[in-house]
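Q: So the chains spell out like this:
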Amino acid sequence: MKLVDLIRATLRCPASTPIAETDGPGALESWDSVAHIRLLAAIEREYSVRLEAEEFAEAATVAELRALLRRKGVEGL
Amino acid sequence: MSDTILSKVLEHARERPGEPALAYGDETISYSSLAGKVAGAAAFLRRSGVQEGDRVLLAASSVEPAFVYGYLACHAVGALAVPVETKIAAARRERIAADCEPRLSFLESGSPLAQALSALDVAPGDPGALAAPASVRADIVYTTGSTGMPKGVIQTHAGIASFALGRRDAIGAGAADRVVIPVPLSHGYGLCRLRASLFHGGTAILVPGFLFPRNIFNALERHQATGLACVPSGFAALFQLSGDALGAHGRSLRYVETATAPLHPAQRRRLLSLLPQARLYNTYGMTETTSTIAYHPMADDKEPEGVVGRLIAGMEARFVDAEGGEVEPGRLGDLQLRGGSVMEGYWRDEGRTRAALHGGWLRTADVGWRESDGRLVLKGRGDDIVNIGGFKVSPTEVEIALGEHPAIQEAACVAMRDPDGVTGEAIKAFLVPLPGAPRPSPAEMTSFLAARLEHHKIPASFAWVEDLPRGVTGKVLRSLLRAARLRR
Numbered sequence: 001m002k003l004v005d006l007i008r009a010t011l012r013c014p015a016s017t018p019i020a021e022t023d024g025p026g027a028l029e030s031w032d033s034v035a036h037i038r039l040l041a042a043i044e045r046e047y048s049v050r051l052e053a054e055e056f057a058e059a060a061t062v063a064e065l066r067a068l069l070r071r072k073g074v075e076g077l
Numbered sequence: 001m002s003d004t005i006l007s008k009v010l011e012h013a014r015e016r017p018g019e020p021a022l023a024y025g026d027e028t029i030s031y032s033s034l035a036g037k038v039a040g041a042a043a044f045l046r047r048s049g050v051q052e053g054d055r056v057l058l059a060a061s062s063v064e065p066a067f068v069y070g071y072l073a074c075h076a077v078g079a080l081a082v083p084v085e086t087k088i089a090a091a092r093r094e095r096i097a098a099d100c101e102p103r104l105s106f107l108e109s110g111s112p113l114a115q116a117l118s119a120l121d122v123a124p125g126d127p128g129a130l131a132a133p134a135s136v137r138a139d140i141v142y143t144t145g146s147t148g149m150p151k152g153v154i155q156t157h158a159g160i161a162s163f164a165l166g167r168r169d170a171i172g173a174g175a176a177d178r179v180v181i182p183v184p185l186s187h188g189y190g191l192c193r194l195r196a197s198l199f200h201g202g203t204a205i206l207v208p209g210f211l212f213p214r215n216i217f218n219a220l221e222r223h224q225a226t227g228l229a230c231v232p233s234g235f236a237a238l239f240q241l242s243g244d245a246l247g248a249h250g251r252s253l254r255y256v257e258t259a260t261a262p263l264h265p266a267q268r269r270r271l272l273s274l275l276p277q278a279r280l281y282n283t284y285g286m287t288e289t290t291s292t293i294a295y296h297p298m299a300d301d302k303e304p305e306g307v308v309g310r311l312i313a314g315m316e317a318r319f320v321d322a323e324g325g326e327v328e329p330g331r332l333g334d335l336q337l338r339g340g341s342v343m344e345g346y347w348r349d350e351g352r353t354r355a356a357l358h359g360g361w362l363r364t365a366d367v368g369w370r371e372s373d374g375r376l377v378l379k380g381r382g383d384d385i386v387n388i389g390g391f392k393v394s395p396t397e398v399e400i401a402l403g404e405h406p407a408i409q410e411a412a413c414v415a416m417r418d419p420d421g422v423t424g425e426a427i428k429a430f431l432v433p434l435p436g437a438p439r440p441s442p443a444e445m446t447s448f449l450a451a452r453l454e455h456h457k458i459p460a461s462f463a464w465v466e467d468l469p470r471g472v473t474g475k476v477l478r479s480l481l482r483a484a485r486l487r488r
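So the protein lines, in turn, are chains C and W. Counting in the numbering used here, the first sequence runs from 1 upward without gaps. Counting in the numbering used here, the second sequence runs from 1 upward without gaps.
Treat the hints with caution; some may be incorrect.
Claimed, not checked - Only part of the chain W face toward chain C is listed, based on derived beta-carbon distances under 7 Å:
1. K87
2. I88
3. A89
4. G209
5. I385
6. G389
7. T446
8. S447
9. A450
Keep in mind the hints are simulated off the structure, nothing from the lab. For each residue, glycine too, the CB sits at the ideal point set by N, CA and C.
With the sequences and hints as input, model every part of the structure.
A: Structure (structure tokens):
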């Protein structure tokens, strides 16, 4: 699944919701702390990676999250 | 007339004017400034036609001090403050407004919240002109009814004072207290920490949620905070987004409170190990009792589950059987409560008030027993309300929203364990399709509901079934659906 689709599914927002590369935690109404830790779990499941709490917390935007996952060797985001 | 938050704030402003009352990020507001701001906001409310007994809807912001100015200004003019979520869904806002008919509303609608609240952040007035409120009623706090319709709980100044004094006696949080409050102020738990802190002349340090743990850690260190008001889903967020960092940043903490849902034993062990100098309190209460009415210091991980501890002063508890007779200690019964913190009743709902209050006793939906040493132990609820990270959700409300979908004939919702282990419980929806209609995917159902409900109310799981189990009266038997879920 593409990263933005995974984010939409985890945040339980409509498929039509635009998500920009500069969006991040707090940017959308439903992107709260509960959704954010659900996203961490969903990313680890979907892309079979392990993320440290600190490195995940530092990714403040979709672009930074994408860059973090690329560094972990995840392709096709 | 007993002390009120406003009379105590005015007293602190006279006796300890420079002491910090509120803190937001880098900003602090002294008791003297707070009293002036409240006087200015009260003058604004009066000019706007707000009179004693009127209702005023306020978005309970943890970011804009104007919420606190407006909240106390309502008390100054004898109006009832109605604090609601900052991101309230349109349907809930409309139901609440239709129920309480506010004279004024300060909510986000079209423009940013800061703009809506800015009318309350005016030039300071003369605190000397503020009188202690003569009214008995303080606020209406809306909670979730079993039908999904919001219930307006009338909280009184006496009930708030009873809570503030009881909390001080139970955990020692008085004038020297500096409590970090990252939980929402629209919820009785967060609101009452703010109220108690102002009542005793402490410092309420407001942080908007757990999304950025750094904000909480900065607040703890900058103010050398003595207390932290938290919830299990908040601890889950702190641990998953910042590992064990709370231990290093929380060295000044003397106590940590948790509420709204049982603390997982692993979280309890981790907290006790990370903060060995702090007391960890499990607490119990509900909107109908103003806030917390029982405290339990958690000493180790050997104690049984569900202990909520001893009552604060001025409260009584009894457990009753199906006939209403009080049961012996150790025997399971329905919990009833009586005392200074119990609500006056539900706003304009005599039927519900009569059903909830009988001879001064409040019938809670909780089931448990009293230990021989007096501590209360709770084992669950006797109704269908689902507790999602501390937010009570009526399955009926979700079922009504699902029933609006053109492919669904009927729906039933029950509690399930949160698959991500974050919010304790989540909702599972069982759906009966209309014959011949295409079955929407979970993503489509989620999109459909997102336009109708707050996101925490959207089911975590959907299952299609041919029909729903019913009892002889035709009522859907959610207990059978819960059992079916457990077998899968």
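Q: Hints first: check each against the structure and report whether it holds.
A: To see whether the hints hold, each was checked on the structure:
1. K87: Since chain C brings a Cβ to about 5 Å from W:K87, closer than 7 Å, the hint holds.
2. I88: Nearest chain C Cβ about 11 Å off; hint violated.
3. A89: Since chain C brings no Cβ nearer than about 10 Å to W:A89, farther than 7 Å, the hint is violated.
4. G209: holds, 6 Å
5. I385: violated, 19 Å
6. G389: holds, 6 Å
7. T446: holds, 5 Å
8. S447: holds, 4 Å
9. A450: holds, 5 Å
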